[in-house]
Every structure is written in C-alpha cells, then in structure tokens.
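Peer 1: Okay, here's what each chain looks like letter by letter:
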Amino acid sequence: MSEIDFRGPVDSVALSAPDGAITLADESSCTKVLVRGARKTAAGIHLKVTYGRSRRRKDGVLVCGSRPGEWTLLAEPGRSGDVAESIPSEGFVSIVDITHGRAMLRISGRDAVGALAKVCNVDLADDMTPDGAVFSGSVAKVTCDLVRDDRDGERSYLISCERSFGRYLFSAVADACVEFGVDMPPGLSIH
Amino acid sequence: MSPRRIPSRPGELIDRSTTVSFTWNGRAFTGHQGDTIASALAAAGVEIFSRSMKYHRRRGIFSANHWDPNLSVQVGDEPNVRAGSRRLLEGMQVSAQNVWPSLRFDLGTANQLVGRFLSAGFYYKTFMRPQFLWHSLYQRILRKFAPGGRIHWNTSTHGAYDKRYAHPDVLIAGGGPAGMAAALSAAEAGATVMLVEQEPELGGHLRWGANDDLEVLADLRSAVEASPGIEVLVDSTVSGRYDHNWIAINQRSHPLAPERLIKARAGSLVVAPGLIERPYVFAGNDTPGVMLAGAVRRLTNLWAVRPGDRAVVLTASSEGDSAVADLESAGVEIVEVLDARSGADIVKVDGRGRVRKVHLGDGRTLAADLVVTATGWTAPTSLLNMAGDRPVYDPVAARYFPHALPDNVLATGGITGDGSIAELLAHGRETGELAAARALRIRHDVLTTTARSTSPKGPRPETVPDDRIPLRRVPHPECYRSSTHGLVDFSEDISSKDLMQAASEGFDSIELMKRYTTVTMGPSQGKLETVNAASVLAEARQVDMADVGTTVWRPPFSPISLGALAGRIFEPVRRSALQDWHEANGAVNLLAGQWVRPDRYGDPMAEALNVRNNVGLIDVTPLGKLDLRGPDVPKLLELVYVNRWQKLKVGRVRYGAMVGEDGVVSDDGVTGRLAKDHYLMTTTSSGAGAVWEMLEDWLQTYRSDWEVHVTPVTGGLTSINVAGPRSRDLLERLVGGVDLSADAFPYFSVRTGTVAGVADCIIWRIGFTGELSYELHVPSGHALHVWESLLATGSDLGAAPFGVEAQRILRLEKGHYIVGQDTDGLSKAPTAGLAGLVKLDKEDTVGLPELRAAFDRTDLPVLVGLQPDDPTVVPEEACQIVAGDSNEILGRVTSSRMSPTLGRSICLAQVDPKLAAAGTSVTVKLVDGSRITATVQEHHAHLDPEGERQRV
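Protein chains in written order, with my numbering: chain A, 1 to 191; chain B, 192 to 1143.
Since the hints were derived computationally from the structure, they do not count as laboratory data. Just so you know, not all the hints are guaranteed correct.
[To be verified] Computed cross-link-like contacts, DMTMM-like style, restricted to lysine to aspartate or glutamate with a CA-CA straight-line distance of at most 25 Å: (1) Lys648/B / Asp150/A; (2) Lys539/B / Glu527/B; (3) Lys648/B / Asp149/A; (4) Lys58/A / Glu154/A.
It should be emphasised that the depicted structure is a prediction, and the values quoted were computed from it without experimental measurement.
Could you build all of it, start to finish, from the sequences and the hints given here?
Peer 2: Printed below as a string of structure tokens:
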C-alpha cells in the first residue's frame, strides 16, 4: 500500500442544509473491493449476501450483492489488502480492488429521498428499497450503484459511479439538494 | 372603465387586506392577493384582453379559468400565460400579445376585411404560387402573423426548469369533490396517493357553489390535508398518460423553478377532471360580454367581480339557473332568462367592444351588456383516450361518456355521470377504494419479483371487480348551434360556416376536418370545441352525433412549455484525476465524447517537437481499459480480435484490431498479459463502453461456459504516456522494481512496479507517437503525485506536457490511424492496412466470413499515406479526392496536419483501390474549390516507417 495520500475526484467538503435534514459527502476514499464468482464458490458461500441485498460484517465491512455472482465490499479507507484477503479465493473467483476506480458519495437525512427523486427514477419507498437494499440505476444520467445504508435510524444512501464521473455526479446531486436548503458551492453548478 | 369589484362573497379567494401592483400594457393597476390576472383586470373595468388569432377581433373574458381561449397574455418574457388561472404577483408586467401596434388599435383587424378569403383550408389554398415567393415573402408574412407571445432569446430570467420522479400507488387527475373523495378513500386503504389539480386550489366547482358546497369543501380540504398518504399538487396538470401508467405532470408555480415536469409511475390512475362548459354557437358569440355561466359564477363568487350590468341568460341546465342567482346577488340586472329547454334561442349579438344588443329567436331584440349561456357540457376524456378508450356519445345526456378502460385506469365524477354532491362523493370514494385495491395488488406483485425489496406481507390480494354503482345520466337537450353561424373554435377563429364548407369540400370525416381547418388544434386543445365541431359535422352530413365519432385526444392535455419538457439538463462529463492540474496549468480543453481533455497547453507544434527531441507527457486516461481474468481469456481474445492470442507470454503486449460481423473495423488497442490468468485490454477512448458490452454479451450469452471475468478499470487507472528519446532516462529515476533496459524490457512488453513510490503501477513499453515511449497506468488516487513527480524529476531532460493536438500530429507522422476517423463503415480490415494482422485460418473470430470475403474484394477503398506535392498546403480533413478536373469522387482525406518534424504537410486518405499504389498522383479538391496534386506514399508512416526510433 502506498503511503501517498489518496486524492478523490471531489474537492468539496460535505454539504448540508441548515436544518440538518440533508447532508451530502464524498466518500470516494473508502475501500471498495469487487468480488466475482459463482454463488456456490467458497467466496459466494462466505459472503452469504444475495443479489439486491447487503449486510455489514462484524469487522465493519459492508458486503453488497451488486449483481448476480458479483459482490462489492465497502470499508473504511486503507483496508483494500485485508478486505481482499478475507475472501476465499478457491475456484474461479476474481477479486479486484476498485477503490481508485469508483467515486462514492453519501446522501443522508430526512430529505435525501426528495433530493434523489430529482435525479433518479428508482422507487425509494421503504418497502421497495428498504435499509440494506442494493440496486443500480441512472443518477443524473450516470450509471450508478446505490446502497441504502441507514445510520442511526436515518435514511442514508451510498452512491458510486465510475471515478471520472465523480465530480459531475457530486455536482448534480448537490444541485438536487438545493431545493432542500443546501447552498451550492461556487464552481459546482451544472447549469 | 368603471370598477367592478363587489362586496365580500363567502367563497372569495382574494385577500382584501393586500394590494398587489402590476402593469397591463404599460399602465399601472392594482389587485389583491388571490386575484388572477384576469380577475384583477376585470375588477378594474378592463373588458378587452386579447385579439383573436386570425381576424384580430376583440376578445373578453369567456370562461374565466385555465381554458379561457381569450386570456392568453404575455407576462414579462413569458408568453402564452393563462390569465384566467395565473395568480397575480407583485410587479407583474402583463401585456396583450399578437397585437400591433396596440390592443386597442390593432392593424391586424384589416384581416376582417378579407375574411372571406381566410376560410377553411386557407393555408392549403394560398401561398402556393409563385413558388419562389415562399421563402422571400410568404414565410415572412406568415411568421409576422403567427399567434402567441414573444420569447426573449437573450434573457434567461426563468432560470432552470426542473424535473422529479414519483411512484404513487394511486394518481388522481382532478381535485374536485369526486377526486378528493377518491384520494381520501385510497389513502385510507393504505395506498400512497398523488392528487393533481389544475387550478391553484382544490375544490372544483364546490369553490363557487353555495354555502352548503363551501362547507363540504372545507371538510374535504381538512381531511386531505390531514392525510399523510396524500401528496397534493395544485396549479399542476396531468399532461399525458402513457403505457403502464407512466404519467407526465406539469407542475407550475414551483418556488424554485417556473415549471417542473414530474414523471410518475402509478399503480392506478383515477381520472376525475369534472366537466367543461360547452359554448353555444351563434352569430357574434365571441363578442366581449358573452360568457359561459361558469365564468360569471367564478368571477362573482371567487373574485367578487360583477361581470356586467344587464344580462340575458340562455340556459338549458341548472347551471344557468345558479348563474342567474349569482348575478342577481351581485347586483346585475337580469334582462331576460331564456330557457333553451323550451325552445328559446339567441340568434345574434351586436356590439364591437362589448355586447350592446341581443337578437332572440322569437324576433325580439334586447339591450344588454352581458350574455350568459349554459347550454351543455363537454367531458374532457383526453386521459381516457390516451389509455385506449374511445368514449361513446349519449344523445340523451348530450355528451360523451367513458366506454372501456384498462384495469389500471378508472374514471369518477362528472365525466362519468351526474349526481348530487353526496352522490359524486360516494362514487369518488368507491373509485378510490377500487383504485387502491388494484394498485396494491400490483405493488404486491412488484415486491414479490424485486430482489432488493421487502417480501410483501400476506397473500396476493384478490382481483377486485368493479361493482361501483354508476352515476346517473341526467337528460339534457342537444343545444349546439343556433340558426345562425358563429365561432366553434375561439382559439383558431374557426366558425361553423368554415366547418360546413370543409365538409362540402369533402373533408367530412372528423379527423380530416380537424386537420383541414385546424379546429380543436389551438391552445384549448379541443376542450371547448370538440363537441361543437362534431355536432356541426353531424349537421352537415345529416347523421347522428354518435356516427361522427371524435378526434383522438393525444398528449399533452393542455399546452406545455418546451422548458418543462426539457426539465433539468443533465450532461455528464468525465474528468481524469489530472484534469484539475491541466486546467491550472493553462490547458485549453476540448470535449472528446464525454471526456474533458487538454487539447494544448501552448503551441502544439512545439509540444510535438519536444516529444521528438526530449520527452513529453500526455494524459491518456480516456483510453478504455478492461481488466480480464480467468483461464479462458485467450479464447476470448482469439474470438474478438482478428489476430492470434493463444501464445502471448506473460509480460508481453500485442496490438489487436476488432471487427464487427460485417468485417468492418470497430475498435483497436493493445492487450498485455500481466500474469498467467490476468490481462489488461485497452480500447479506443470512444469504444470502451461498447467493447465492454460486447465482451459481456459473448460471455453471458454465447460462451457462458468460459471462465472469464471482465472489469472496466478506465477511470481507476490514470494513464500517462511518457514519450520521447529521453523517456527511459526519466523513468529510470522514478521506477522501482523494473529493469527498463532495452534488453530486459523490450518493445511491446509490460511490467508491474512502483513509480514515484506508488505501487501497483502497470508499465507498458508501447507508443502512439513513434518514439521510445512508455505508458504508465497508475492508481488514480495517486496519479497527481506521479504526474508532478515526472515533471519535476524530468525538468532537466526537457519533460513537458503535451496535449491531444500534439498527439494527433505525432501519430499522423507515424501513420497510426484512428478508428472512426481514418476508417468508416466501409473499412474492412484488409483495406485499413491490417491485411497482415488478420488470420483467416483461425477456428472462430467475430466477422471471420466477411473478412474472408473481403480479401477477395478489389473494389473497397484503401487507406494510404498521402503527401501534397506542395508541402505548404494542408488540405482540410474530409476534402475529396477527385478524378482530375472532374468532380468524380475517388476518395477523401481522413487526417491531415503540418508536420513540424518533416516541415511539410502530411495526410492519411481513403482512396479508390486503383489509386492505392505508391507513387500514384491524385487530385485533392480543397474547401475553396481549388485543386492540388498529392502523391500516395509507400507506407502509412511519414516518419520512421521501420520503427527504429521506438525500438531503441
């Protein structure tokens, strides 16, 4: 692991509404490891999670069933090595560190759903996308992976996309948050 | 003008404690909060609001709501504002539109003098000859007379329009009593509800009703407000219903945007728009002072405006009777009430700026300034039509009714029948329950089949039959037209006489008549006109109304601005991890697909020479990169590339080209073998997504037994090309763990090592410039550190960045083609210079049969290197290669630049095969029409065709 500081695609600090009903933060530096393999491989059995759902392991790693036969493991920054090593590699299994390749942001709060409804056409109702739901969709015309990862009982979504779209995605979602009281920092406008 | 505001009314919407100032045609006016633009002006005594489209006749208030065809005005730079429903705001600058020089003295009235020439089909009969005048004269004249307001191109006071998505279980179009009742019962049944009302407040006709109505309304509003499951949208219109209940809603008056388009996917749609009053056709029926009964009721009860002083009322229903009562209470003298049910009639109205005399069917003439008609209703079935219904005419009730609807669309309220308020509410409640039951059944099915959702609670809900008790159909006389002709379409100035003429000319089907005369095609979208048009046609054809049919109502339900349709503009852009550095260091950007890239930092010729003489760095991150893992990767490569891949050794890189099933070159790049079962493939920048999809398509459908995993890593690896004779010297200072010597790291090899302390960097010895060069693929989070380290460490070696333009020069000097620029839809691999690469004896390759055939073809264009004989002339790309002095096209220049290294112009070109031999002289026709000669070269490469510079 390099000792050089990780630089994400977004420079902005976290944004939030004065009433705290919505916050938007860049979490691109988080560890992201992609695992591909059949469900019956040792890795598939170990990860347990089915497509469309997620679970948090005891070590804090969020295991997301991204697609059939594909999992994305999310953890705090700097854990690529130990996360990858935690996956049994017997059989035909690919483990790829995609930390550098995916931008990720977190939008949280009571108004998060309202803001996302301006940029994403997925039904975010509680029964359709409950806490722990994993799904893909277009967010402001960018293909994204989304995870509902509530915190302290409050709505929270992790949204990740190909890194090069990261700056744009952050700006587009921040723009959607303006209706809910977030001030748009200079230079982030998409209009 | 004399003020017409009357004392307070029980249901009035205005707040008399406020004063709102605005201007009308430059003159100052005031109104109250809650006034519409029209009501404030009417209260001030204004009677003329617009001029008609074709004849520029004076027009006044007619329906006093969203549908009023006479109340389109300009507000600031916003055209076509509905003054009948738009609420007054402080400082509004309102003006009449489609008039010149003024509303009062409009020169367009001259059209009335030639009215007999502007009849049905006018557009199709005139401006035909002489044809040459179309562009120079006719088009200009027609544009001058085009109706509607003006948009101001150079101002953007509107800001951005908005968009959002919604997924209600039940969406209700119409916030009248039935719609509100439906919303409440649907919400009580557990459904999420979106209630959409076109007017700025809920209530429908209860708003201008009697005290009993107002009490019911207050209760309904309170209940709706208290229901957490109901989202209310007022001043919003359900614009369209599409397949699977995809529903478009146009929300106006949003605090952040002038309009917002809501894209809703609803389980059930409840259509509850109420009824729209139908105008009566008689001579002079568009004279200011002729109003619908609903208009005078709204003016009187909602905005406390006395609509006239002396009224004649023609009524065929209780609505007319109620209007009489309202007028009397407002102090209007009722001159006469004419009961159409007993055969009373109005044949003509006299008056220019206002009604003066009313001529009755019995020969009498009455003096009045207000004529009120209540002669029937139109069922606005647009949304039902969009759901596939063809409403059926009932001559007893004299209107259309829904016929056959899909399960997920229901209708309620006046559109389905008549009844007391209690009956309407009951029908609405039953409809809401039914809509909720059906929607929740759909939701149960979706939850069952969606991986991410929670499992639905309980068993699948049973199918719910529609056992609602239908509303009654109250008999109503078929009152459409008097014995005289009058306007049918107020928006388009189409009279019953015009329609009769159209029918006599053979346009006697309702759809043909619509298109021939433009009846129902104006801003009202047929809401006031359709039934009367059908009745006139029935009269002309002497058939029953039911046999005439109706036009098909399509979206939008009412006109919608282009801004609302566009919504928020999302244009994703991609940035490499180095883009901030480029911009901070003077890069001039270019947009390459979605990527923002540095085109140049200064002089691209100098940048190119620096690469030839020293060492240059270019950010080539957009290069597509795919991580391939698995034992069957060689099989996949053999399949998708035209050349061989089974024997590629670990640490080696190979160039490959892909073709489609038609044998045409589709992409190219290099693939390196990093480990036994681990490869990195590069593609063109624009082809990265398509190649990934193509590989997954093969692996998931046709070769699902192959063990290959493909992971796109384009943005994760920042790609830096270090090129130039001093590139090795530079890298030796920063690379760890890799022997960079020519013997240990030969051309077309790949290694993994550290660069500037960053681990896991992939280093390829390849290049696009023709120089000794290395391509570094660096984890993007550390890319800026590597880039800055390279520049700093190599400063004494002349290390400097170069942009895309310099790269284009360098690659053209070297003769490398760009797929899509130097190739096209006819470029089969053999003629693109890839004949030596294609292996026809492979077992399988995409496009193999076509490739075999291509080798036998002698007629395909060939890509060649080309040099103008005059070295100072650079033909523009796409210049044609022609036969001598003729214009017979024999090819085209695909790439061209001035070469700073060679000091001359150089090109790649596609030429007819008979011109492809080295030394052939061709003629190039330049953009200015002049011609130059150029000579076909032996190689694509203009510089170092043997590749000695890159193999050092």
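Peer 1: Just to be careful, I want the Cα atoms of Lys539/B and Glu527/B compared with a cutoff of 25 Å; is the pair within it?
Peer 2: Within the cut-off at roughly 15 Å; holds.
Peer 1: Holds or violated: Lys58/A and Glu154/A, Cα atoms, limit 25 Å.
Peer 2: Given that 25 Å is the threshold and the Cα spacing comes to 21 Å, the pair holds.
Peer 1: Could you grab the alpha-carbon distance between Lys648/B and Asp149/A and see if it respects the 25 Å cut-off?
Peer 2: Given pair Lys648/B, Asp149/A holds - Cα atoms ~23 Å apart, limit 25 Å.
Peer 1: Holds or violated: are the alpha carbons of Lys648/B and Asp150/A at most 25 Å from each other?
Peer 2: holds (22 Å)
The structure shown violates none of the earlier numbered hints.
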